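Enquirer: Using the sequences provided together with the hints, build the complete structure.
The chain contents come next:
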Amino acid sequence: MMERKRNPRNRREPRKHRKCPFCANSHIDIDYKNIDLLKRYVNDRGKIIPRKNTGICAKHQRRLAKEIKRARFLALIPYVVYTYR
Amino acid sequence: MAKEKIYELMVIFDSQGDEAEIHREFDVVQSLVEKRSTEFIGRADWGLKEFKYPITKRNSGYYVYFLFKAEIDTPVQLAHALKMNEKILRHMIIAGNSRSVEYLNKLHSEPIHKIEHTEPVEPVKEELPIIEKAVEPPVENETIEVSKEEETQDVVEPSTETASEITSESEPSNEPSAEIEETVEIQEEIKEDPEVVREQEQSDENNESDENEDNNRIEEQKEIGGIENDGAEKKSEE
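Chains as they are written, first to last, in my numbering: chain B, 7 to 91; chain X, 93 to 330.
None of these hints come from the bench; they were simulated from the model. All values reported here derive from a predicted model rather than from experimental measurement. Mixed in with the good hints there might be a few duds.
Okay, derived cross-link-like pairs now, SDA-like style, lysine to any residue, Cα gap no bigger than 25 Å in a straight line [unchecked claim]:
id, chain 1, residue 1, chain 2, residue 2
1, X, K141, X, H200
2, X, K198, B, I36
3, B, K75, X, L199
Have a look at the derived ranges for each label pair, beta carbon to beta carbon [what the hints assert, rightly or not]:
id, chain 1, residue 1, chain 2, residue 2, range
4, B, S32, X, M176, 19 to 29 Å
5, X, I164, B, N49, 20 to 30 Å
6, X, K175, B, C29, 33 to 43 Å
A few chain X residues facing chain B, derived, Cβ under 8 Å [said to hold, decoys possible]:
id, residue
7, M102
8, I104
9, F132
10, L140
11, F143
12, K144
13, Y145
14, R182
15, M184
Glycine included, every Cβ here is placed at the ideal spot set by N, Cα and C.
Expert: Right, here's the structure in full:
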């Protein structure tokens, strides 16, 4: 039996450890009124970006998600962004 | 005594209708909050804003933010009262904290700063003296002329120097022009030389003479032919 050769491209690189920006700067207030901040953590479809991509800690991700949902309720941020062809 | 807490209330009012009525509605809701709360901290009008998605077929509404201290039971009662109001499209009551108070203070402090920025419309006063300066053009012109003259005087001296330098430097550059002048003179001399003129005239005469000679030859040949013909005729007559 021939042994399969592993493609080096498929090899997973160790994930870079990022520091949570909200832990580093405690003065930043995660709030539904701060729309410019919330927009940074929402993709172009209006979805909340997962924390493995943003590098936010679990605690602040929970708070961020809550504030995004509050802003959505008040129509400050869209629930869904449709892209028509 | 029940527990007290800071609460935030965000209310979205319907934008359809008279603005005066809508602003009256703000006050109605504020009085409602003041009645139920133990301490009314403040209010902030965000103004008319477009919704990111339509709410009850409306695309925009007035956002008003209230902050107050109240007992734990009051938010439910307040929400019930707000639901009864038809002018309110949507409302949200959440627990606040010290940061929400800071936010309100910042909002209230910003307009004051804006007024301070607008008050020093003194730049207009600063512009006026500039206009006055413009009204007195002769003084400025004289000064400018004097300065220009000085500059020209200053400039002339180096220009002479530069001119002398250029002449000294331009000597090699004059050589090709001198050559051209020489060639022109030679051509003129050639034109003026009598020998050359004679040669040209001779050459012209030669050309003419050649043509004449050709004509003469043709005529002679004709004559000869004619004579011969005459002689033959004479012989035939004899």
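Enquirer: Please go over all the hints and tell whether each is borne out by the structure.
Expert: Structure-based check of each hint:
1. X/K141 / X/H200: This hinted pair holds, its Cα atoms lying about 19 Å apart.
2. X/K198 / B/I36: holds (16 Å)
3. B/K75 / X/L199: Satisfied, since the Cα-Cα distance of roughly 23 Å is no more than 25 Å.
4. B/S32 / X/M176: 19 to 29 Å: With a Cβ separation near 41 Å, B/S32 and X/M176 fall outside 19 to 29 Å, so the hint is violated.
5. X/I164 / B/N49: 20 to 30 Å: Since X/I164 and B/N49 have Cβ atoms about 38 Å apart, the given range 20 to 30 Å is violated.
6. X/K175 / B/C29: 33 to 43 Å: holds (39 Å)
7. M102: holds (6 Å)
8. I104: holds (7 Å)
9. F132: violated (19 Å)
10. L140: violated (13 Å)
11. F143: OK, holds: X/F143 within 8 Å of chain B, min 4 Å.
12. K144: At 4 Å from the nearest chain B Cβ, X/K144 passes the 8 Å test, so the hint holds.
13. Y145: Constraint on X/Y145 satisfied, holds at 6 Å.
14. R182: This interface hint holds because 7 Å falls under the 8 Å limit.
15. M184: holds (6 Å)
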